[in-house]
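Peer 1: Below, each chain spelled out in residue letters.
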Amino acid sequence: MTTSRTARRILAATSLAALTAGALPASPALAADAGVTQERLLNADKEEGNWIHHHKNFAGHRYSTLTQINKGNVKTLKVAWTMHLGGIEGGGIWSHGGLEGTPIVENGMMYVTDGWGSVYKIDTRGGEGKLIWKMDPKTDREWAGAVACCGVNNRGVALWGDLVVSHTLDGRLIATNKETGQVAWQRQVADPDKGETITGAPLIVKGMAISGVGGAEYGIRGWIAATDLKTEKEVWRTHTIPGKGEPGYETWKGPNNAAVSGGGSTWVTGTYDPDTDTIVWGVGNPGPDWDNAYRPGDNLYTDSTLALDATTGKIKWHFQHTPNDPYDYDSVSENLLVDVGGRKLAIEADRNGFGYAVDRTTGQFVWATPFVKKVTWTKGINPDTGKPFEYDPTKDVQRYIPSATPSAENKNADFCPGNMGGKNWPPTAYNPNLQYWYIPVIESCNRVTHEAMTTASLKPREFFTGGGPSQPFRITGSVTAIDVKTGKVAGKHETQFPLLGGMLATPDLVFTGEPSGGVMALDAKSLDKLWEFRTGGGVNAPPMTFTVDGKQYLAILVGLGGAWDKWFIDSTPELKNIQTGSMLYVFAL
Amino acid sequence: MRKLLLPALLAGLLASPAWAQGARTGGGEGDLAVFKKACSGCHKWHGGGGGGYGGEALSLRKTQLDKEQVAEVVRCGRPGTGMPYHLRGAYDTVKCYDSLKADMGSSMPPETAVFLRPPEIDAVATYVVTQLKGKGEPTLEECTTFFGATSRACDIYRKKEGSDAPTASH
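Those protein sequences? They're chains A and B, same order as listed.
So the first sequence is numbered by the UniProt record's numbering: it starts at 1 and just counts up by one.
So the second sequence is numbered by the UniProt record's numbering: it starts at 1 and just counts up by one.
Since the hints were made in silico from the structure, they are not lab data.
Some hints could be false.
[As the list claims (entries may be wrong)] With a cut-off of at most 30 Å between alpha-carbon atoms, the simulated DSSO-like pairs for lysine-lysine come out as follows: (1) A:Lys566 - B:Lys95; (2) A:Lys576 - A:Lys374; (3) A:Lys194 - B:Lys133; (4) B:Lys36 - A:Lys459; (5) A:Lys46 - A:Lys551; (6) A:Lys566 - B:Lys37; (7) A:Lys379 - A:Lys485; (8) B:Lys159 - A:Lys244; (9) A:Lys314 - A:Lys230; (10) B:Lys159 - A:Lys194; (11) B:Lys101 - A:Lys566; (12) A:Lys566 - B:Lys67; (13) A:Lys194 - B:Lys62; (14) A:Lys206 - A:Lys379; (15) A:Lys387 - A:Lys244; (16) B:Lys159 - A:Lys138; (17) A:Lys206 - A:Lys316; (18) A:Lys411 - B:Lys62; (19) A:Lys71 - A:Lys46; (20) A:Lys138 - B:Lys67; (21) B:Lys62 - A:Lys566; (22) A:Lys379 - A:Lys253.
Based on the provided sequences and hints, a complete structural model is requested.
Peer 2: What follows is the structure, given as structure tokens:
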């Protein structure tokens, strides 16, 4: 490791000498406040022009109070500058990498990643973008790309002290010196030999980097891990599938010892409630995805929201959405922490098509509402229990609505939403004034062919899914707003294609992008489209906004990424025309 | 007329150098590069198939088809399943299984994301019948042929073959 680290340092230093030589020196004022602290992270919303959290604040709101760009003038928004990035190389089973990241901006300096985990520092001052440095982690593309179910993805960096903290698909946590772009240190957090990969941005809490893992399609046992950024050591690692003797272990029954390969990945960055020192994090599907008879029981804590003590990693409460899931209905989505009607809520838009609110101090169910147009796997969520009406706690294997459920008796099952959701990883946004929550929706159905699994089917680095999907139905999308005061849908703006990028909210606008290339602004209340720009590339990343030199900008990464073009394209044939690419777009009035 | 000729001409021009490159690993062993590009997502790097996000793909290691039959399935897909057709114009200007699109109804197979040219289809069918058909469990050698020797992608096979653990049966 030492050798490769040194090699990396040398590489970074030499390849960037030319760039840094020509760059402007940072002003003394900027250098002085370069360090990111817990205090600053707690008060991130007070740094109005900056965006220093993956989800903008600890509560995951992705809401900016900036108003220079507003309802009245957004139609004049145009491209200010662009920058071509890299990372489109293929690897493993993937023919190309793509962009899914959220740019981080601190005092005019922007940090973005490409799919293979290279970090770019860009000076945005002076109305243009200048690359200051690029840190290439030399990801082992074949090792990681062969066990990445859903694309060559990296969703961005976090900041701490003088470090830029990021992940790589091949399972490393990397701390890069913010000024020089040299790798300060790195550690292997996840193990691709076990089918583990990392795509999410780290969450920084009290000097710890919190990492989540992907791989529930490959028989992993999921976890959330905390690394001390000072000692470079692991502080805690909490498995999302209980071990023998731990509470919840009894929800894994049958002869297959299914808990050891139970899935429960955690690949979307969670949120943090400082009042109770609680990390709230979503947990993915159980494995094998579509053979729930292999794993009788509720399969905790898959498809659940988990609340962890940030200091120890201990589980405080959980709320499970789809017990003994036969559909691949992840609950990996971010939980937004909102205070509404005197209640402290955690709200999550689930792959299963329902938006949920739970009391974030207890995990108690508050409400659930469908945000997709069509749900066929259940007739609804029981308002008393928060469980699907068909859920039968006396049964070990749930069938929900049997005709829509893949099983040995129903080899080809059509269900809605399809296995991508509902809502996938692209983040929601929340306007605290309107108390509207904006969900980037995949309006979908698909077909799953069931395959009965045995313990012999479980092999390292091999798909362990219990069948697979096909796409006989056209899939569309929408921006759906939920009024969190009532828990009801307040509006829906339908789109030709599923929304695979994510949301940004400002006081009177919401922004999002489409996989067909459009970046658009909608009225925050009516959801009417007020502006659109065609980027000509696939938009698979969320927009963000910042100020530099006193001027507001909108930034978004554009580059065909994710799983859609490989696995789900038959449902959106027009998207076959979208080419690979890797580009940062920055807009201004 | 000119509009029609131009793409054909371009395709012809492009085809030769690209095919020459493909032919490097072509010949008697077929073309791994085409397999990688068009098949490995669903049939897996080793052709063993099984479930996954690409659907429930059949094992090419256990296939009973001969080369011409494999080529036909690549050209025309498998009706009623997720196996796409890979020949431009299949079921449209070229009949498949003696049928056109209108005859297929709901059993029409999906269209591939990237079409293959006839020589590529021939080369990948050769690859399937000479390199995959009839093979047992995947080996380290097969793994490094696919992923290269510089990656850690095949370490699990190295560990397996270097330890006391039962080795994969070949």
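Peer 1: For each hint given before, does the structure comply? Return the numbers of the non-compliant ones in rising order.
Peer 2: 14, 20
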